[in-house]
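S.K.: Each chain, letter by letter, is given below.
Number of protein chains: 2
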Amino acid sequence: MMQVFSEALVEENYKMSDAIRDIEKAFSHLEDIQQAPRTVIPTGEGAKAMLYMPCVDLKQQLGTVKITSITPDNPKSGKPTTQAQIVISNLKNGEHEAIIDGSYLTRLRTGALSGIASKYMSKPDARILGMIGTGGMAYEQFLGNLEVRPIDKVILYNRTTKKAESFKQRILKAYPNLEVTVTDDVVELVKKSDIINCQTPSNEPVFNAEDIQPGTHINGIGSYQPSMKEIDYKIFPKADWVVVDDLEGVKEESGELIKANENGTFTFEEIDDELKTLSINNQKRENEDAITVFKCVGAAYFDLAVAVGAYQKLND
Amino acid sequence: MMQVFSEALVEENYKMSDAIRDIEKAFSHLEDIQQAPRTVIPTGEGAKAMLYMPCVDLKQQLGTVKITSITPDNPKSGKPTTQAQIVISNLKNGEHEAIIDGSYLTRLRTGALSGIASKYMSKPDARILGMIGTGGMAYEQFLGNLEVRPIDKVILYNRTTKKAESFKQRILKAYPNLEVTVTDDVVELVKKSDIINCQTPSNEPVFNAEDIQPGTHINGIGSYQPSMKEIDYKIFPKADWVVVDDLEGVKEESGELIKANENGTFTFEEIDDELKTLSINNQKRENEDAITVFKCVGAAYFDLAVAVGAYQKLND
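Protein chains in written order, with the working numbering: chain V, 1 to 316; chain L, 1001 to 1316.
If you are wondering where the hints come from, they were derived from the structure by calculation, not from laboratory data. None of these values were measured; they are calculated from a predicted model. Some hints could be false.
Result set (DMTMM-like, lysine to aspartate or glutamate): computed pairs, CA atoms no more than 20 Å apart in a straight line [to be verified]:
hint, chain 1, residue 1, chain 2, residue 2
1, V, K48, L, E1147
2, L, K1092, V, E95
3, L, K1048, V, D73
4, L, K1238, L, E1204
5, L, K1048, V, E95
6, V, K79, L, E1179
7, L, K1092, L, D1032
8, L, K1168, L, E1147
9, V, K48, L, E1031
10, V, K168, V, E179
11, L, K1059, V, E45
12, L, K1163, L, D1185
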């Protein structure tokens, strides 16, 4: 009997701390997890497409496939651009057991990846989080950082300031003790923040590498196509530690790193680590003044980790 | 809100005549249908695997992905080897609307393909159907032929005769006026039948090409891996008309045609038509004595045709 789990039900029962734990658990037995290349079928103009990301976990004997629609015109009618569902199959007996809304889980796992990166890479006492972009992915990015660092101040920048203001209200409703400010001055945000978290679809850098202060950690999760370059790629050679979530994915999808690799500013070979290595080896930043960068594009096995985790928790 | 349709519900509401009509309708606008290559992830010994077959119909603005598990050990515990689910997505707004059991639909569309082949390729007055193999796919193969030809006699052969006997009872329960016999003599079956329908996973030919009589039409749907060769490949050069469901698929998956192509008995270039051409052009057998062969391996767009058809009928 196929179980159906709505976005609201998953959101109520499966939290950021669960996602961080389950992704780090997956890192510890990646040899059992097999993912196939993503399939993309264009379905219209521009980025309009259907995406299919299958993955299996031979240890837990469960398989998942995330089915994602990209509908760029949707925001005009108040609907989300990206909508996902994840089907869970039991590999022991071949039964397809559940279909789970994947939209919240995608936002959550992406927030968890930034959280894991900040946990190993940012200063332990990081307390000021600067967020560039307050769109659909931003809230879970905020939660991921909040989970791992003693954040007490959040600075928000968004191209449309009004959206940053309502995002501020959303944060304050859940966390009234935080200090949250909206700024239209990115330079100020960059200079003051211990962690800068970028989540925009921008084709141009959203900050200037020269403004980055010693001791800053940067998470970039917005660019997922070669045309997108929210991170100023001049930061890569300047950084002490450059980590990515998935090396193969980044080479295909991270506009900043593709550009830096092309023009020789910073080649793919110069990327220091994949996130899993930090988690497996408990590898942390070595000095207070280091500049560190985490670039994230996503991969099917992160979806598997949270979908299986949520599925198991919902059936407990 | 995700709709869930069980196998029983689909089977009750969506029939062979529906499937034949909807697949022929799909043939008429194939330019709007895009399928991606199938993804296969092995999950254990032998054929154990997960398969993913995505497809979109830009005219109807619907997408499907069939998720299939192959669990070769399942029959030992009374479970089916193959289990499938199909997710339906609306391309207009990106919403994932339904998940439909795909096991019956897979059997049905395969039966419908044989039915369409028999409709155009077999003698119009074909009345004796010989079936080689009475396993999981057989009943809908029977139904497909029954739908398009005045079948009044069915001859059954199966390696395990007992299974053929219970298959006979299944047919007679639904169609008590048919004459149904079980034989252990394949040569007799082959010589008497107007249509021979093969549905076995055999690695060896299940009949001898020399025994095939003028005027016979053969449907072969069993072989879907290079190792499988239920059809005696010597029949291909002898046949007047060789048709396949999907040329690209056949080159990858039909053991008989791969073997015949390799040893030069009958090359892929000698295949006369794809099934769609017969349907689009209403192209029929030209003379009573022709020997005709249809080889079928399946493709995502057939699954799309029946899944969308069933979905629409269930929502009427």
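S.K.: State for each hint whether it applies.
M.R.: Hint check:
Our distance criterion of 20 Å between C-alpha atoms is broken by K48 (chain V) and E1147 (chain L), whose separation comes to about 40 Å. The straight-line distance between the Cα atoms of K1092 (chain L) and E95 (chain V) is roughly 30 Å, outside the 20 Å bound, and the hint therefore fails. The hinted pair formed by K1048 (chain L) and D73 (chain V) fails the criterion: a straight-line CA distance of about 41 Å is larger than 20 Å. In summary, the hint linking K1238 (chain L) to E1204 (chain L) is supported, as the alpha carbons are separated by about 19 Å, within the 20 Å threshold.
At most 20 Å may separate the alpha-carbon atoms for a hinted pair to count; K1048 (chain L) and E95 (chain V) meet this at roughly 13 Å. Our distance criterion of 20 Å between C-alpha atoms is broken by K79 (chain V) and E1179 (chain L), whose separation comes to about 58 Å. Proposed proximity of K1092 (chain L) and D1032 (chain L) is supported: the alpha carbons are some 15 Å apart, at most 20 Å. In summary, the hint linking K1168 (chain L) to E1147 (chain L) is supported, as the alpha carbons are separated by about 18 Å, within the 20 Å threshold.
A distance of roughly 18 Å separates the Cα atoms of K48 (chain V) and E1031 (chain L); the hinted pair therefore holds under the 20 Å criterion. Proximity of K168 (chain V) to E179 (chain V) is assessed by CA-CA distance (about 10 Å); at most 20 Å being required, the pair is judged to hold. A C-alpha spacing of about 15 Å is found between K1059 (chain L) and E45 (chain V), which places the hinted pair at or below 20 Å, so the restraint holds. Note on K1163 (chain L) and D1185 (chain L): the hinted pairing holds, with a Cα-Cα distance of about 15 Å set against a maximum of 20 Å.
Violated hints, listed in ascending order, are 1, 2, 3 and 6; each of the other numbered hints is respected by the structure.
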